[in-house]
Each structure stands twice: as structure tokens, then as C-alpha cells.
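Visitor: The chain contents come next:
Number of protein chains: 2
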Amino acid sequence: MTTVSIIGNGNMAKAIGGVVAAGGSTVQYLGRDGGTVDGSIVVLAVPYPEVDAVLATYGAQLAGKAVVDITNPVDFATFDGLTVPSDSSAAAVIAAALPESTVLKAFNTTFAATLATGKVGAETTTVLIAGDDDAAKAELGGLVRAGGLNAVDAGSLRRARELEALGFLQISLAAAERVSWTGGFAVVA
Amino acid sequence: MTTVSIIGNGNMAKAIGGVVAAGGSTVQYLGRDGGTVDGSIVVLAVPYPEVDAVLATYGAQLAGKAVVDITNPVDFATFDGLTVPSDSSAAAVIAAALPESTVLKAFNTTFAATLATGKVGAETTTVLIAGDDDAAKAELGGLVRAGGLNAVDAGSLRRARELEALGFLQISLAAAERVSWTGGFAVVA
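Which chain is which? The protein sequence lines are A and B, in order. Using numbering that gives the first Met the number 0, the first residue of the first sequence is number 0, and each one after it goes up by one. Using numbering that gives the first Met the number 0, the first residue of the second sequence is number 0, and each one after it goes up by one.
Chain A on its own, in the form it takes in the complex (with noise of 0.2 Å):
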């Protein structure tokens, strides 16, 4: 039985434990000051800028775990671009703060209402994972088909630029209501 550990309690959290807990798995939450890290799996349920404080908080914990990494670094003092290097992602800022973690981006491109009712249209909610440990991009994809959803393997972590240019353009649309913040992009295989 794998245990997920959930950093952070806002509508993303919730809607990945709950994922997690439809599949049969536990779900431990914990708040962004601290406690003890039970999971073998550990997702990254804050927003972009408070990661680092959580990595203060947590960051000797971590090492050996897959960490997953769910921002999207959007800039919304502009709205127009993001707040990591071009080139690079939130994904690899967290992977070279994390050495000893695997790191996996995943659910950032998926809203939080998509994930709980499980269709973005009607598809089912497709769970996008980058990484560059395919046993940890596996473990996390098993687990979101057991809660109801797909996953799709996405390519290595360099993907996760792609993955939040994804999330980025999928947020301005909703915030423009070019779309529903039920909907966005499905993936249909």
C-alpha cells in the first residue's frame, strides 16, 4: 500500500487526495509548518512561491522520495509570461533545490474541478507526468488510474516546460473565459 503524502490544503490538494484515496491508497496531509513525512510519494500542493518555504520546512525529508511538483510559476503581476528562466521550468528549480529527490511534474495541467469530477468534456481527466525516473513516473501513473483517471507519461523532466506553457495558456484562457474552469484541454489518446 502506497502512502502519498499531500503538502498544502487548498482546492488542489484536496482534489489530488482525493484521486489518490478513490484508488485505494493513503493519504496523509500536511500543513506548509511542518510535521513528519510518512508518504514514499510526496506532491508539492502549494503555489509556486511558497515551494521554497516548504522546501526549508521539509527539504531533509524529501531525499529518497518522489516529489511531485504541481505549480504553475504564472506571473500574474503581468499575466504574460512566467516566473522561471524560459528555457527551464518550475520542475527543474525544484529538482536542483532537491538532489536527492526524484522530482515529477504532474497535475498542473489538469484543474482542480477536473480532477474531482474526473472529465473534462466528455473525456476522462487525463494526468499529464514528466520525469526522468520512469518506475516513479509508473508508481504515479497506477495510482491515478486507480482513483478513475488516465495518465499519460509525458517524456522527461525537460517536458515539464512544455507541460507549464501548457497550464499557463490553460489558465489565462479560463481567466479570460475562453474556458470553463470545469474544462481546458483534454487529451484524447
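Hint data in this document are derived by calculation from the structure and do not stem from the laboratory. Note that the structure is a prediction, hence the values are computed from the model and not measured. Please note that the accuracy of each hint is not assured.
Coverage of chain B stretches by chain A, computed from C-beta distances (three or more under 8 Å per stretch; other residues unrestricted) [unchecked claim]:
(1) 119 to 125
(2) 149 to 157
(3) 169 to 175
(4) 180 to 188
Note that CB positions come from ideal geometry on N, CA and C, so glycine has one too.
Given chain A, put chain B in place with the hints provided.
Guide: This is chain B only, laid out in the frame that chain A set:
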């Protein structure tokens, strides 16, 4: 009656021409080696590496027209990134080369098959259009809708960076057989 000139003769040229013709507009197909551009909208339906040659041939005729860039400047040598600067886009490069034209980014996130069938899975195919000229975007969007597809304004031409990231991701997923060339990303309003 709008005339749309399409430069190129590949699958995408034919698929885009099919959409435009279905909407009742006139389509002119032009080869890479020259001809008289009749359309007020010109689609550069050639692979990105051929754009320079097309601009050398047709550039002067494109002044005052809306020029639609559909390219995905994937680095096919590495399949691990794009050949344009990471903070830019093929559309931005083309716009810089055509200061007297109105450049739009469109059709790079829709596979030819989904333009032809009008469907991505159960969803109507959506053409995402980025550009800095609202009237030109609205005109192209109108042609797309008349042809039976959805069109969504994806924002300013700076969003071409994200559209090209999406296009690259979609191509990489299809090449890895994780989605099919008749599927990919659907947009759910």
C-alpha cells in the same frame, strides 16, 4: 467574400483549405516557388525550415495582409526542444521579418486529421489563434467557425510561445504513440 491564399501543398495545407472552403470562402493554393497572392489572409502552410525561402519569394506581396503561421519549429534532430529562442516563437520570428504584415499564430495545435474530421474525440476541433490584431483574429476565427470548427482567441502574439510548446508536446506524445495523430489535445469550453 474573403479569399484565403495557402502557400504549401502538404496535409496541413489541404486540411486548412478544406475548412476554409467548407465555410464558403475562396481558397487559393500557391506553391513554394512563387505566384500572385490573391488573398487578404495568407497561410504559411510549410514546415518551419522552409519559411525563410517562402518569405524570400513572397515577402513583398505579404505587406498589408494577415499572415498565418501554423508551424511547429521542433528540433527533429534531438526531439527535445524547439529551434527558436525559448523566450520567443516561430511566430515572433516571422513577425519580425514581416513588419508590414499582421502575423497570427493558428492551426499549430490541431493535427491535420482533426481539422478534416472536425473532431478530437467527442469534442469539436478547436483552432487556437494568437495575435496582436483583434480584427484579424476575429476574421480568421469567423472563417474557422463557418467551416464547422471552434475557434478560440488565445491572446496576444506572445502566447505563440505557449501554443508552440503545446504543439511540440502534442507531436512528441503522438510520435511516442501515447496519443494518436487523430487525437491529441481537445479544448473544452
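Visitor: Does each hint fit the structure? Answer for all of them.
Guide: Hints versus structure:
1. Only when three residues or more bring their CB closer than 8 Å to a CB of chain A does the claim for the region 119 to 125 of chain B stand; here the count is 4, and the claim holds.
2. Only when three residues or more bring their CB closer than 8 Å to a CB of chain A does the claim for the region 149 to 157 of chain B stand; here the count is 6, and the claim holds.
3. Counting residues of the region 169 to 175 of chain B whose C-beta lies closer than 8 Å to any C-beta of chain A gives 3; at least three are required, and the coverage claim holds.
4. Look at the region 180 to 188 of chain B against chain A: 7 of its residues bring a Cβ nearer than 8 Å to a Cβ of that chain, three or more, so the hint holds.
Checked against the numbered hints above, the structure violates none of them.
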